Amino acid sequence: MPTKAKPEPDAPEDLELEDFDAFWVKRKRPRTRIMGQIVELPASLPLRFELEAKKLAKSKAEQDVRTLVAILFGDDALDQWTQAGMDVEQFQLLLAWAPRKIAGQDVTLAQVAEELADYQARLAAKGDSDDEDDADPS
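Residue numbers (the numbering used here): 1 to 138.
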């Protein structure tokens, strides 16, 4: 079983060191308004999110969705959004936009909404052509 890293006591004064923790705290965190609440996003995409997203990529289980949302937005976010009336389209947009924004991409909600609409149209077109193939065996 791996051991947990233990924080080191304060370093001796004569030891030069760059303070990673102090540096990281100063990073700008993106903010957005979601269902009337100002939300501060993480300064960078959490490694846990990346690992869980890969592990749960094909999952549609509610608990898996809750886990990913909680990593980025907090434990109660999904329930708060549901209570505030968030719909599926809004939820999909938020989940497509937030990781990109956190990762530092200069992307707007409108851009991501357009990309999602294009993607869904391509899926629908592909589904229609698959249906036609099934209907016409020749």
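Careful, some of the hints might be misleading.
Unchecked claim - Now the in silico label distances, taken between C-beta atoms and shown as ranges:
(1) 37 <-> 113: 41 to 49 Å
(2) 47 <-> 128: 35 to 43 Å
(3) 123 <-> 26: 37 to 45 Å
(4) 25 <-> 118: 32 to 40 Å
(5) 16 <-> 63: 42 to 50 Å
(6) 53 <-> 26: 53 to 61 Å
(7) 23 <-> 115: 15 to 23 Å
(8) 38 <-> 107: 15 to 23 Å
(9) 84 <-> 46: 23 to 31 Å
(10) 43 <-> 124: 34 to 42 Å
(11) 113 <-> 21: 20 to 28 Å
(12) 59 <-> 27: 28 to 36 Å
(13) 19 <-> 121: 23 to 31 Å
(14) 25 <-> 48: 14 to 22 Å
What the hints assert, rightly or not - Listed below are the simulated DSSO-like cross-link pairs for lysine-lysine, each with C-alpha atoms no more than 27 Å apart in a straight line:
(15) 28 <-> 60
(16) 58 <-> 101
(17) 28 <-> 126
(18) 126 <-> 58
(19) 101 <-> 55
(20) 101 <-> 26
(21) 126 <-> 26
(22) 54 <-> 126
(23) 26 <-> 60
The hints are simulated quantities; they were obtained by calculation from the structure and are not laboratory data. Please read all numbers here as calculations on a predicted model, not as lab measurements. Note that the Cβ used here is the ideal one computed from N, Cα and C, for glycine as well.
Right, here's what the structure says about each hint:
1. A hinted range of 41 to 49 Å for the beta carbons of residue 37 and residue 113 is inconsistent with their spacing of about 20 Å.
2. With their beta carbons about 40 Å apart, residue 47 and residue 128 fall inside the hinted range of 35 to 43 Å.
3. For residue 123 paired with residue 26, a C-beta distance near 42 Å keeps the hint of 37 to 45 Å intact.
4. The beta-carbon spacing between residue 25 and residue 118, approximately 38 Å, falls within the hinted interval of 32 to 40 Å.
5. For residue 16 and residue 63, the Cβ-Cβ distance of about 46 Å falls inside the hinted range of 42 to 50 Å, so the restraint holds.
6. The given range of 53 to 61 Å is broken by residue 53 and residue 26, whose C-beta atoms sit roughly 27 Å from each other.
7. A beta carbon spacing of about 33 Å between residue 23 and residue 115 contradicts the range 15 to 23 Å that was offered as a hint.
8. The given range of 15 to 23 Å is respected by residue 38 and residue 107, whose C-beta atoms sit roughly 20 Å from each other.
9. The beta-carbon spacing between residue 84 and residue 46, approximately 24 Å, falls within the hinted interval of 23 to 31 Å.
10. Range check, residue 43 to residue 124: about 37 Å between beta-carbon atoms, so the 34 to 42 Å window is met.
11. Look at residue 113 against residue 21: about 37 Å separates their beta carbons, and that is not inside 20 to 28 Å.
12. For the hinted restraint 28 to 36 Å between residue 59 and residue 27, the CB-CB distance of approximately 31 Å keeps it satisfied.
13. A beta carbon spacing of about 49 Å between residue 19 and residue 121 contradicts the range 23 to 31 Å that was offered as a hint.
14. One distance hint, 14 to 22 Å for the beta-carbon pair residue 25 and residue 48, holds here, with the actual separation near 19 Å.
15. Taking the CA atoms of residue 28 and residue 60, the gap is about 32 Å. The hint is violated against a cut of 27 Å.
16. Of the supplied pair hints, the one linking residue 58 and residue 101 holds, its CA atoms being roughly 23 Å apart against a limit of 27 Å.
17. For the suggested pair residue 28 and residue 126, the alpha carbons sit about 41 Å apart, so the restraint of at most 27 Å is broken.
18. A threshold of 27 Å between alpha carbons decides the hint, and for residue 126 with residue 58 the separation of about 19 Å falls inside it, so the pair holds.
19. For the given pair, residue 101 sits about 21 Å from residue 55 by alpha-carbon distance, which is consistent with the 27 Å threshold.
20. Under the criterion of a C-alpha separation no larger than 27 Å, the hint pairing residue 101 with residue 26 is consistent with the structure, at around 18 Å.
21. At most 27 Å may separate the alpha-carbon atoms for a hinted pair to count; residue 126 and residue 26 exceed this at roughly 46 Å.
22. A threshold of 27 Å between alpha carbons decides the hint, and for residue 54 with residue 126 the separation of about 25 Å falls inside it, so the pair holds.
23. With a C-alpha separation of about 36 Å, the suggested pair residue 26 and residue 60 falls outside the 27 Å cut-off, and the hint is violated.
Comparing the model with each numbered hint stated earlier shows that hints 1, 6, 7, 11, 13, 15, 17, 21 and 23 do not hold.
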